[in-house]
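Work out the full structure, taking the sequences as your base and the hints as a guide.
Single-letter residue listing:
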Amino acid sequence: MSAVFEGRKAAFLGGDRRQTWIVEEAVKAGFEVSAIGCPPEVEKFTGKPQENSIDDAVREADAIFLPIPVHSSRRDGSLFSDYEPFPLFLTDENLDLAKKGAVVLVGHSPADLKNSIRRLGFHLEEFEEDDERAILNGIPTAEGVVAITIENSEECFPTMKCMVIGFGRIAVTLARDLRRLGAEVWVAARRPEVLARVLQMGFHPVSMEEYLDVIGDMDVLYQTATAVLMNREALTRVRPDALVVEMASPPGGSDFEAAKELGTKLIWARAQAGTAPKAAARWQWNLNARLLREHWGR
Amino acid sequence: MLSTPVTESILAGMRATILGGDRRKLEIARKLLAEGCEVRYFGGPSELSEIIEAPMSASSAEAVKGAKVVFCPMPRIGENGDLYAPYSSSPVRLDPNEMDEMESGSIVIMGWTPPEMHAAAETRGIHIEEIGQEEECAIFNSIPTAEGALWCAIEHTDETVHNSNVLIGGFGRVGETTAHTFLAMGARVFVAARRLAPLARAQEMGCSVFGWDEIDGHWDEMQIVVNTVPQEFFNRVRLSRAKSDCVYIDLVSPPGSADRTAADELGMHVHWLRGQAATAPRFTGRNQWNLSRQRILAHFQKGDIS
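Here the protein sequences line up with chains A and B, keeping their order.
Position one of the first sequence corresponds to residue 1 (our numbering), numbered consecutively onward.
Position one of the second sequence corresponds to residue 1 (our numbering), numbered consecutively onward.
Keep in mind that the hints were calculated from the coordinates and are not lab data.
Just so you know, nobody snuck in bad clues.
Result set (DSS-like, lysine-lysine): computed pairs, CA atoms no more than 25 angstroms apart in a straight line:
id, chain 1, residue 1, chain 2, residue 2
1, A, 265, B, 31
2, A, 28, B, 243
3, A, 161, B, 31
4, A, 99, A, 114
5, B, 243, A, 278
6, A, 44, B, 243
If you anchor each label on the Cβ, the simulated ranges turn out as follows:
id, chain 1, residue 1, chain 2, residue 2, range
7, A, 257, B, 125, 54 to 64 angstroms
8, A, 191, B, 264, 49 to 59 angstroms
9, B, 118, A, 200, 53 to 63 angstroms
10, A, 87, B, 76, 48 to 58 angstroms
11, B, 138, A, 271, 37 to 47 angstroms
12, A, 135, B, 9, 50 to 60 angstroms
13, B, 208, A, 87, 49 to 59 angstroms
14, B, 36, A, 135, 50 to 60 angstroms
15, B, 138, A, 86, 51 to 61 angstroms
16, B, 244, A, 55, 29 to 39 angstroms
17, A, 271, B, 36, 46 to 56 angstroms
18, B, 195, A, 131, 38 to 48 angstroms
19, B, 244, A, 87, 30 to 40 angstroms
Looking from chain A toward chain B, a few residues come up when the C-beta cut is under 7 angstroms (computed):
id, residue
20, 139
21, 143
22, 147
23, 154
24, 155
25, 159
26, 180
27, 181
28, 275
29, 276
For glycine and all other residues, C-beta sits at the position ideal for the given N, C-alpha and C.
Structure below.
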């Protein structure tokens, strides 16, 4: 129990399996939780059935936990939920039922939601870009990509040549996993100080001037950069039996059309952090709890 | 710059045949072509036709006609005498009939050979080279097996493998490679084995170790359990203490190491992984080739060419 959260009300709207473990932690910390569109298991922890409307879930809430991603892939503006009783549309009128100055926790907030929250005088905590979260989520993401590689490559790691394009928070973890599993790893990046770090860590650094020349030697290529670096020219150099794994979020950094035309085996590994929902939930709760404590002042 | 002198392989111009098998044979075909062999096949994956730029032979007998080198599949021959041929709609065999078509002094490479086949080959002056029980082969095959176990663990755990407690039963060739693989991913690896020397090696690698009779005492602390020892391991007692959020993996070849009746009754799933070497066909094919090539060269260098 935490004195900061005790007696406060939290609303959980939509989401996936991760919500079960986050709700469990929230209840343990002292929150009274109302949920809608969450996995049925949350009722074990909230001690009551889920609500019948967003209004009932949000009413008098001190904190509103929105799903990740916020919106459903139907693109109709409804909230993302693997367990929706009906499409969940969150309006300003719904939100207005929460307590004055309530905190809205969201991974990444679309502009219109940001505007609504500001208009209503609520406090927005957007945490997708949080460094700690990105580094930790890199662990299951890299594991998911390792699993995809095992499943789809003709090679095993000890004889594999891999290139990681980009060297951000997730790429660092992936490159290290690959090397520890026995692969020989090249890392392509733009900035000289990044390439210096690549070299220091024992990978082969590849500059943007060189990367096209190295592609043809690789068994697996991992595209993590936001620029389109696996363009048509790059794809024509990929070995016919090689594997390309695109890891950037939409729209991605590969020319998917060219890959299809060229017959390149290209897999878009999205939302791989979902391979470890329990760990991801624990980290998300830790982060959310820290943000709330900072906002409400211990 | 020095260039490697091009010397013609003694295999150049020889007819080589691939019978049955799976995609591991693609790499064998590429390597045979690189040696200058004339390659034929029957009952293998159709991609072989693209590699050798010729259609499949009409039968096993036609494929082996005039062959000096024949590659049979690595898995054991079926009880009815059929070769392992998952890509073939008709049975693939190497019986005395087919052997009659082969050149005398030729060599057959395969995993394991039944005694009657040995006898039939011997009377025809055909040498059979069994490579299935080679230590080298077993170590190479342990790599895709361990990677298969890692894949299974990542797919089925709700946690990360990183920081998970992983128990590995046994520290033979598969056990050791599996331990390396999970250590690489940042897991806490525990190894249970009987003999002290393997346990010392496991400890040296960075694993925690305990004796075979201490497994039950540590059972509840584990999130991922992988067994490599061919005896009942996932028994009723352990399965009744199994947790739904743990992953149990059996790497033992048939009959496996799990009490499947008990597992079904208790509603617990033990993932049984078999034939993993086929999942990394280029890797395994290349290793098979390297080993086979030595044997083939040794065979022909003995002066057996007729």
